[in-house]
Amino acid sequence: MVKRNAKTSVSEEEGEAPVVNENGKRAGEDQNKDGAKRIRTKSLYRQPTVNELNRLQETENLFNSNLFRLQIDEIIQEVKVKEKTEKKFLQFFNELKTYLLSISEDGTEYDLSEQAICKKLKVKLPISERLSKTKCMFTFHKFSNVEIVGSYGLGCSINSKLRVDLQITVPSETYTKNDSINYRYHKKRAAYLAYIAAHLSKYEPIEELQYSYISMSESKPVLDFKPKGKLGNQLSVRIHLACESDAYKLHRFSPERNNLREAWLLNENTDNNTEVGPPTPYYNSSVLTDLTTSVNQEFLNEILLKSDNLKQAITLLKIWLRQRDLKVSGHVVSLLVAYFVQAKRINNIMSSYQIVRNIWIALKTSELDTKGISLHKTQEKDTCPSLEVFHKHFPVVFIDKTGYYNICWQMCKGTYAALKRESALAVDMLDNGKINSFIPLFMTPVKPLLQFDHILRFKNFNQIKKTIVGKAPKEEKVNYGVEELPLVIDAVYSLLVKGLGNRADLIQQLVEADFSWPVKKTLETARSGFEEKLSFGLVLNPENSMNVVEKGPPANLPEAEQFRAFWGDKSELRRFQDGSITETCVWEGETMAERRTVTTQIVNYLMKLKFEINPTELYHVCDQLSSVIARKQWSRGSSVLQVEETSLTVLQTFDSLRRDLRQLVELPLDISAVYGVSPVFSYTDPVGPVPRGPPVRPWQRASTCLVKDVQRDGLHTLPDYVPVCKVVIELGHSGKWPGDIHAFRCLKAAFHLQLAERLNKQYGNACQAYNTHVDVLRDGITFRLEISHPKEITLLRKEIENGVAKFRDTEESLQLQCDTVLLPRLRGALHGLHQKHPSFGATVCLFKRWLSAHLLSPPHFPAVVAELLVSAVYLQPAPAQPPATPTLGLYRAMRLLVDFDWTRDLLVLDFNEDMSREEIMEIEKKLNEVDISSRPAMRIVTSYDGAQAGAWSRAGPDSRVLARTKALARSALDYMDKKFSECADNVLNMFVPSYAGYNVLIHVHRSLVPHCWERVDSVPALRPVAETFAEDVIPAVEFNPVDRFLEELRSAYGEFALFFHDAYGGEVIAVLWKPDVYEDKEFQLTNANALKPVTAKGETKYRVNIEAIVEDFRILGAGLVRDITVNT
Amino acid sequence: MISTMTNNTDTKAKKAKNPKRTQDFKAVQLKLTEDSVAPHTIYLKEHVVREHTADKPQGRTLLVVNVPPYADEKGITNAFREAGSVQSVQLCLKPSTAEVKLIKKFLPDPSITTFKAAYIVFKKVAELDKALKLTELQPMNSEDHQITTGIKKWIEEYNNTIVLPKVLKENVETFMKQFDENTKKADKKEKELEQEDDEGWVTVTKRGKVQSFARSEKVENKIMQKEEKNKKRKELKNFYTFQIRESKMKHIVSLRQKFEEDKRKIAQIKQSRRFKPF
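Heads up: the protein sequence lines correspond to chains A and B, in order.
Numbering follows the UniProt record's numbering, with no gaps: position 334 of the first sequence is 334.
Numbering follows the UniProt record's numbering, with no gaps: position 112 of the second sequence is 112.
Extracted from the complex, chain A is given alone in its bound form (with noise of 0.2 Å):
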């Protein structure tokens, strides 16, 4: 009875939580609540079942944990091909089976130089021209059967655009022996392929029947059509054509053969083709890739077949390799867990997941580069070719169970080179406790702009197929055959490979050059129009990158000579301060933005060198947007100002003035630390403080300069806008001070006049103290000290409760806290990320641009906010690495402004890997205690939160800003894909907002707004920054009217409406009124704000008196105020 219950109790558990608690509330009714006590006992602490028991320990053993294992349970049942599906389909197949066995042999002899067997047909060879010059004379011979192969047949396919592969075995009595050579065989096989299609455009259960050329290989197309009706949604189908193995003897394919003459490629007289030429592994391998593939395949249903975990294994794989469009097919991935197994690295009792991990963690670890693999048992009297020479010829080595055929022969090094560092990384991501690896893994898409730093496009592709062909070697071009693309690919991959070194981590090759045409149509009809697209992906390595020399060999050595050969005019010999002279590139490269597209300069001339390719044929994404972060007012010597340089000044200042500060003398209590808390000692400000010269003419009070009431026709004159950097500084300990706030702060002040005495006399600052802080003047840059100290915030947070003194939270207290205290120790953590990561600090800067010209400047969005959301694309990159260049980096922070559940889940920032698990699973658990329509928009935390787990967030955006924000990313995404997809050169119009939508728009004169010159559509007026600073006066500082006229309207009409401004020299002020400003209102003596009378059918109503706030709007803005437009 007991047993029984127990069992049954799994499945009561999801009903019974409800019950419970109802139950629980009813605390009168004994009966009941007994009963409900007795269940809840049962559910948790019930007696495990055996099952149980096993499940959980198993969980904990072979899984990384619960969460993933159920993960995995799920994925795998929503990629399972429905039963219902199969069984359709295998009625369907057993009758198209029927039919194409009842094909007739006609036992005609065609010439297939000659069009008749097109004719007779009445469909086209799918075979390209170029192939017209091989002659040979085919007969249909009737195959034997028609079998499921592939992922299908084994049944480790994915749902989603599901294919399934079928085979015809050609009889070797199609083929004569000499056909192997010059195409003649691929030649016959097209035109079996033809004939099949033929037989097929007569049967009407199937549509769009079409000849596909597959992985970039144009000698052997493949045959694919949909079965009619709603079969034909879930599934396509695909024909393959195989070879019976006994048609040729393999070694005839061994990589050393020639089968492809070169007189015959390269139409040079027949006469003298005794020669054999060059070895042909590329051609050799298309042939054998029919040959081998029964011998393969038996291989895998030997093996796969009946384990389960094995395929739940393979399938895994798949969708993980398919988020990355990594060009590595099902039957390699099938074949390389085959040989896994044979190896016995895994079997069939590990859980997928363990699968999965062994073989990614031996794929990080495999060289078959240098050391390939061979699912081929060498026995004695071998005659297979060695491994050595299948690495002579191919990139890739894996030989199948003949111990003839590459099965990677068509592998690139790139898409090797990518598999590896994929496989590296997913380690990475599962040993990661903090993430949920498995959404990065397998539910997330890696397209190339969120992956790569670089992109190189070419504009005219098919021109420079063209010229890059003519320049291979004879020997290369005698290998590809007709197969141009993978010679192309492998050509410019060398020379980037070469050229880049170790600037790119990962150079990768991305090709869309799938072609499928309609069987009635010839080949080169088809193809007008049509273009096959290679782009290269390129990772930079952040170090070396940006690095503008490129060191050679000394010059004495032999290696010098290759150098030059490679890099030719452009490699000079240069001295070195450590002595040595070597062969050495040099790249422009004064300013980081030059910095960054030294690789962009290495292509080009590269490309330019190498193949005569001009660099406007060619197309980088990489730093479209750089004219955003450079400075438009500010250039030093030649060239513009940027961003980094900006805050590399302010960060040498303030080096010099923190030194000098905790070296201060006579004051009564010592200077402890120094922390710079503005955005400019991140990096992340766009509009950072540049050093000024002396004012002309200033007219000052104590040393610093006041603002003169001026005005020129009418219009104020304003001095120009001058930033300060913010310092806290601490002081150190003391029991003196007052235990008042009042009388606290009034001691602070009377500190600033210490401080601000002592750094005049010390050093000949100027200074200026104020009651809360202190200005002091360092070569051109005004930096504002701000005294912090604990005893500041418990004087806030105390109240007195019957007596107790008790410490609560109040709004001025958090916020105190979070500017002295936290504030102090996240810009520390920024600034080290920067110096991690140097895309940092521009990405940010870039991603703050964006948002204010979207007017979605502070308080909107607050600043650190957005300064977080980029970290986070730093810190948790899965799938991908950090980005290096700034552009991507601000897609890839707004493509997580776009994914990322906000409403459920929370960002964790652990800048320095402080944080453990458990605390975060504290922190999750605290937070998401707070209902979701009470929670703020966004919670991000961060390792700095301390107790105040979330203070960033907590105060904006709200939904609706960030509802808005995640619609502007979303439509900016969409704009960078299309323009980089166009290879177009300006994607500035990103930054232009849409004034539509907005009640009113208050225009404000654009020589009082701050920073009006750094629009993005401003032209650049530069002026050099000032070598000689001012000494003794301070300029007049954070005088922003535009600013103040802001606060003043949001704290005076913040109840009726929002307010929008771009705080990068916007000279519009976009209001949206809150919608119930159209509503009646109830007039209370309390809330009787800008209410007039109405009268409508005899009765008062109240309704805002929106005529009399525009006319406020003049009013409070008077001298600033342009015009006012209402749209109606």
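Note that these hints are calculated values from the structure, not bench results.
Keep in mind that this is a model prediction, so the values were computed, not measured.
Treat each hint with caution, since some may be false.
Said to hold, decoys possible - Cut-off 25 Å, straight-line C-alpha distance, at most; resulting in silico cross-link-like pairs (DSS-like, lysine-lysine): (1) B/K133 x A/K1101; (2) B/K133 x A/K708; (3) A/K806 x B/K94; (4) A/K465 x A/K610; (5) B/K265 x A/K434; (6) B/K265 x A/K925; (7) A/K434 x A/K836; (8) A/K161 x A/K327; (9) A/K1097 x B/K74; (10) B/K276 x A/K327; (11) B/K265 x A/K791; (12) B/K276 x A/K798; (13) B/K237 x B/K218; (14) B/K45 x B/K26; (15) B/K276 x A/K447.
What the hints assert, rightly or not - Output of the computed footprint for chain A on chain B, the stretches with three or more beta carbons under 8 Å from beta carbons of chain A: (16) 37-48; (17) 58-71; (18) 77-90; (19) 107-115; (20) 118-132; (21) 140-152; (22) 216-224.
Built from N, CA and C at the ideal position, the CB exists for glycine as well.
Position chain B against the provided structure of chain A, taking the given hints into account.
Chain B only, in chain A's frame:
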């Protein structure tokens, strides 16, 4: 302009009928200058409460709500100059009956730009009645007083923040002097409490001869924790068989709980993403 005026008189008629809702408020338009096109409507009534404070005397005080953000005391005085001479104008964020107490703060509260309430105290009772009968107010700006807004105001504000070190020093010194005096007074008071009173009671304070502890949350919590610890120390753990059995069970329960948690998470993910990888 005319239409709004008629509108206004209409409203008044309505108000008479419906006194409860409008709370006897009278609506008048308040202009900044003579040529203001769309002025705000302010609402005024006599300030009547049970207990009047000294700064808002009975019969002479007018309560005005919905005063526009830029209005200042002088401007309001100007607006009501037809009614008579205004003794004082008190602007506050919300109407409040209590007397405003000045707490001595070192940093003055920042002025908030928003709609305010105003208490206008006239010199004579008759002037208040006159004010209540006004149908039209004078503009707030007059020849001798212009309300500064916009750039001018901000420049003024900015320049005012910059003070000579000497002035700042004086401020600090006067404030601290007063603070010291206050603390001294408080200390004295405390000392007095320590003396035995008439009935022989002694109040325990922080600094007295009788030892006491600081009355704060932290200290109280500490004491409670200590108590609990003592209690726990007396218990035996993993001693009886049932305890061992329980601890094993606890392990299973924690595993189960984790499992349940994960299942919930999956349900969440399922809801949002539905496990469709493509």
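Status of each hint after checking the structure:
no., hint, result
1, B/K133 x A/K1101, "holds, 22 Å"
2, B/K133 x A/K708, "violated, 45 Å"
3, A/K806 x B/K94, "violated, 29 Å"
4, A/K465 x A/K610, "holds, 13 Å"
5, B/K265 x A/K434, "holds, 15 Å"
6, B/K265 x A/K925, "holds, 12 Å"
7, A/K434 x A/K836, "holds, 21 Å"
8, A/K161 x A/K327, "holds, 16 Å"
9, A/K1097 x B/K74, "violated, 39 Å"
10, B/K276 x A/K327, "holds, 21 Å"
11, B/K265 x A/K791, "violated, 42 Å"
12, B/K276 x A/K798, "violated, 52 Å"
13, B/K237 x B/K218, "violated, 30 Å"
14, B/K45 x B/K26, "holds, 6 Å"
15, B/K276 x A/K447, "holds, 17 Å"
16, 37-48, "holds (count 6)"
17, 58-71, "holds (count 5)"
18, 77-90, "violated (count 0)"
19, 107-115, "holds (count 5)"
20, 118-132, "violated (count 0)"
21, 140-152, "holds (count 4)"
22, 216-224, "holds (count 4)"
Violated hints for the displayed structure, listed by number in ascending order: 2, 3, 9, 11, 12, 13, 18 and 20.
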